[in-house]
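Colleague: Line order of the protein sequences matches chains R and L.
Read left to right, the first sequence gives residues 0 to 323 (numbering that gives the first Met the number 0).
Read left to right, the second sequence gives residues 0 to 323 (numbering that gives the first Met the number 0).
Honestly, I wouldn't trust all of these hints.
Copies of the same chain look alike in the list, so a pair counts if it fits in one copy or across any two.
Cross-link-like lysine-lysine pairs, in silico, BS3-like; alpha carbons within 30 Å at most [what the hints assert, rightly or not]:
1. K6 x K220
2. K274 x K189
3. K46 x K16
4. K103 x K220
5. K268 x K1
6. K292 x K189
7. K189 x K220
8. K300 x K268
9. K103 x K189
FYI, nobody ran anything at the bench for these hints, they're computed from the structure.
In case you want the letters, here they are:
Protein chains: 2
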Amino acid sequence: MKNCSLKQIAEILQHGKTILLFPHMQIDGDALGSSVALCRVFRKQGKQAYILIEEQIPGNLAFLDEEYCISDQEMFDEIDICLAVDCSDLARVGKRKDTFFNGKSTISIDHHLTNISFADYNYNDGSAAATGEIVFCLFKEMKSEIDTLTAEALYAAIVTDTGNFQYSNTTKETHLITANLYDHGIDHNKVIVSIYQNIRREKVKIISKVLSTMDFFCNGKGNIAYVSQDMLQETGALIHETEGIVEQLRNINGVEISIFLKEEADTIKVGMRAKTIANVAEIAQYFGGGGHKKAAGCTIKGTLENVKTQIIAVAEDHLKTLER
Amino acid sequence: MKNCSLKQIAEILQHGKTILLFPHMQIDGDALGSSVALCRVFRKQGKQAYILIEEQIPGNLAFLDEEYCISDQEMFDEIDICLAVDCSDLARVGKRKDTFFNGKSTISIDHHLTNISFADYNYNDGSAAATGEIVFCLFKEMKSEIDTLTAEALYAAIVTDTGNFQYSNTTKETHLITANLYDHGIDHNKVIVSIYQNIRREKVKIISKVLSTMDFFCNGKGNIAYVSQDMLQETGALIHETEGIVEQLRNINGVEISIFLKEEADTIKVGMRAKTIANVAEIAQYFGGGGHKKAAGCTIKGTLENVKTQIIAVAEDHLKTLER
Numbered sequence: 000m001k002n003c004s005l006k007q008i009a010e011i012l013q014h015g016k017t018i019l020l021f022p023h024m025q026i027d028g029d030a031l032g033s034s035v036a037l038c039r040v041f042r043k044q045g046k047q048a049y050i051l052i053e054e055q056i057p058g059n060l061a062f063l064d065e066e067y068c069i070s071d072q073e074m075f076d077e078i079d080i081c082l083a084v085d086c087s088d089l090a091r092v093g094k095r096k097d098t099f100f101n102g103k104s105t106i107s108i109d110h111h112l113t114n115i116s117f118a119d120y121n122y123n124d125g126s127a128a129a130t131g132e133i134v135f136c137l138f139k140e141m142k143s144e145i146d147t148l149t150a151e152a153l154y155a156a157i158v159t160d161t162g163n164f165q166y167s168n169t170t171k172e173t174h175l176i177t178a179n180l181y182d183h184g185i186d187h188n189k190v191i192v193s194i195y196q197n198i199r200r201e202k203v204k205i206i207s208k209v210l211s212t213m214d215f216f217c218n219g220k221g222n223i224a225y226v227s228q229d230m231l232q233e234t235g236a237l238i239h240e241t242e243g244i245v246e247q248l249r250n251i252n253g254v255e256i257s258i259f260l261k262e263e264a265d266t267i268k269v270g271m272r273a274k275t276i277a278n279v280a281e282i283a284q285y286f287g288g289g290g291h292k293k294a295a296g297c298t299i300k301g302t303l304e305n306v307k308t309q310i311i312a313v314a315e316d317h318l319k320t321l322e323r
Numbered sequence: 000m001k002n003c004s005l006k007q008i009a010e011i012l013q014h015g016k017t018i019l020l021f022p023h024m025q026i027d028g029d030a031l032g033s034s035v036a037l038c039r040v041f042r043k044q045g046k047q048a049y050i051l052i053e054e055q056i057p058g059n060l061a062f063l064d065e066e067y068c069i070s071d072q073e074m075f076d077e078i079d080i081c082l083a084v085d086c087s088d089l090a091r092v093g094k095r096k097d098t099f100f101n102g103k104s105t106i107s108i109d110h111h112l113t114n115i116s117f118a119d120y121n122y123n124d125g126s127a128a129a130t131g132e133i134v135f136c137l138f139k140e141m142k143s144e145i146d147t148l149t150a151e152a153l154y155a156a157i158v159t160d161t162g163n164f165q166y167s168n169t170t171k172e173t174h175l176i177t178a179n180l181y182d183h184g185i186d187h188n189k190v191i192v193s194i195y196q197n198i199r200r201e202k203v204k205i206i207s208k209v210l211s212t213m214d215f216f217c218n219g220k221g222n223i224a225y226v227s228q229d230m231l232q233e234t235g236a237l238i239h240e241t242e243g244i245v246e247q248l249r250n251i252n253g254v255e256i257s258i259f260l261k262e263e264a265d266t267i268k269v270g271m272r273a274k275t276i277a278n279v280a281e282i283a284q285y286f287g288g289g290g291h292k293k294a295a296g297c298t299i300k301g302t303l304e305n306v307k308t309q310i311i312a313v314a315e316d317h318l319k320t321l322e323r
């Protein structure tokens with residue numbers, strides 16, 4: 000378990016003949032895009048390389064996978080290198096943990112500030128906006144040729160993990176790397192259309208419905224909306240398709256705290272966001288939950304109605320302390 | 000009326016002592032951001048510079064204006080240089096036309112492919128994703144110091160006109176210029192919060208309502224939604240706050256043509272988008288309208304209901320020709 004330089008990682012990779020890649024669970028654009036880019040480069044070098052996944056790839060990212068992904072954990076008897084991609088800790092390797100440690104060597108490449116070095120060789124750069132940025136630098140270190148599809152996979156990694164260069168993790172370096180990807184012939188519009196213009200109609204329907212439940216409190220400094228099981232059934236939407244709504248609520252003028260309630264069997268899952276100075280982790284902690292200052296959550300027993308009353312009361316108290 | 004180089008524009012600007020800037024009507028992030036950047040730099044050079052506007056600045060862009068904008072057309076008796084910013088033709092200078100031509104010299108800086116050279120000195124670069132990119136290059140030509148607020152105004156210009164680097168107009172150059180703006184100390188997150196996280200709640204309400212009217216046709220290859228005067232009244236939203244909805248409709252999986260109807264006095268305004276191969280300009284032309292292949296519009300007499308029937312029929316015919 001040691002932290003090492005990209006140069007050392009490049010050297011170790013050079014000696015591997017079979018390489019298995021482990022993007023994190025609940026796979027996203029950065030985990031998949033970075034893994035696809037690595038897989039393509041390894042194969043071009045004559046190595047046997049695959050991406051081991053344990054769930055289905057989200058529909059809007061499926062275009063990235065051109066026969067790289069497998070879900071059969073026992074496909075290889077011997078693996079030279081198992082490489083975790085964008086996994087902040089072992090929990091994110093999930094059920095593939097045993098297979099991961101079956102590798103003769105294990106490597107982790109990640110950009111999470113909270114990364115726990117769990118592999119034999121670890122490279123973590125918390126200043127990178129996406130693991131895709133690190134993979135780009137690794138390719139430079141390896142002097143690997145970056146073909147168009149590889150560059151597009153890295154582009155997908157970067158745009159998804161930076162919210163199209165909007166999140167605060169975005170840096171000058173992010174834009175310089177992206178500019179460089181254009182030199183490798185990327186069709187950025189093709190990637191954007193695939194990722195963002197293939198939304199399920201059920202998702203649009205549930206967003207419309209959820210936003211119609213929006214309520215304000217504390218003179219518009221807080222707002223709250225919910226999704227019930229009935230609403231999901233009526234629209235045919237999946238619960239994960241309500242992702243992003245709590246940010247939409249926060250994006251409203253004057254709103255400092257936004258709250259989104261999801262009805263589950265006999266509990267309500269609460270997601271919260273703060274815009275500037277509020278600390279929603281404090282509100283979450285009050286109900287036994289946790290998170291960061293600007294993004295936190297908790298689970299509360301009860302019905303939508305009474306959880307809404309409870310959480311508004313605590314959020315109002317918090318907003319009042321900010322006025323002092 | 001001649002087209003000239005940025006170097007020539009820089010030389011002419013050097014000699015002006017009073018400069019009035021004319022961003023286009025229905026002012027947007029690029030027109031305002033570029034004008035603010037120019038205004039700041041001119042003032043630092045000791046010139047008297049103002050931005051002449053004829054409408055209110057949209058709330059989410061108001062942070063850019065720090066006492067640069069005026070609406071009094073008669074503030075100056077004599078103006079050395081009148082500079083049109085991001086105006087593809089004179090119509091976009093609007094009611095300020097006479098004041099514009101009152102300038103001893105007139106200049107136009109723009110990035111629209113359709114630009115008509117209407118000033119004494121014109122610089123137009125259709126390959127620039129935003130006029131903000133051209134202004135950045137002009138500053139390099141002028142060897143002007145770019146301070147943080149100037150860089151943030153250019154950043155605002157670029158992100159708004161490229162849809163956060165998503166639109167097909169975005170290039171390698173766009174990212175290189177943006178990377179450079181970081182060197183001038185921009186707080187990109189501050190700009191993003193100001194532009195995108197200050198949405199009026201009425202806008203969110205109208206979007207939710209409009210999306211609930213969504214209908215599909217031609218096996219989901221087309222979709223259509225509408226806004227009525229009643230809906231606007233009920234939510235308190237303004238008609239321009241429905242902007243972007245037609246793109247949201249297009250972004251749905253399988254949709255090739257999206258249509259958005261706006262109810263006016265006794266006509267219906269129709270906006271359309273195509274995702275890949277359809278040509279919505281053809282549909283618009285059928286009703287006496289026009290536009291581009293992927294974005295077009297027309298105005299049809301009638302009620303929401305019968306216009307919906309008419310436009311679906313023509314769109315269905317168009318979609319069928321694509322199948323052949």
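Colleague: Are the hints correct? Go through all of them and say.
Modeller: Going down the list of hints, with the structure as the test:
1. In this assembly of identical chains, the alpha carbons of K6 and K220 never lie at most 30 Å apart, being 49 Å within a copy and 50 Å across copies at closest.
2. In this assembly of identical chains, the alpha carbons of K274 and K189 lie at most 30 Å apart only when taken from different copies (11 Å versus 32 Å within one copy).
3. In this assembly of identical chains, the alpha carbons of K46 and K16 lie at most 30 Å apart only when taken from the same copy (5 Å versus 67 Å across copies).
4. In this assembly of identical chains, the alpha carbons of K103 and K220 never lie at most 30 Å apart, being 54 Å within a copy and 50 Å across copies at closest.
5. For the homomeric pair K268 and K1, neither the shortest alpha-carbon distance inside one copy (37 Å) nor that between copies (64 Å) is at most 30 Å.
6. In the homo-oligomer, the alpha carbons of K292 and K189 lie at most 30 Å apart only across protomers (17 Å), although the nearest pairing inside one protomer, at 36 Å, exceeds that limit.
7. With identical chains, the CA atoms of K189 and K220 are at most 30 Å apart between copies only, with a shortest distance of 19 Å across copies and 39 Å within one.
8. Only within a single protomer do K300 and K268 lie at most 30 Å apart by alpha-carbon distance; the minimum there is 9 Å, versus 49 Å between protomers.
9. For the identical chains of this complex, K103 and K189 are neighbours neither inside a copy (38 Å) nor across copies (47 Å), given an alpha-carbon limit of 30 Å.
In summary, the numbered hints that this structure violates are 1, 4, 5 and 9.
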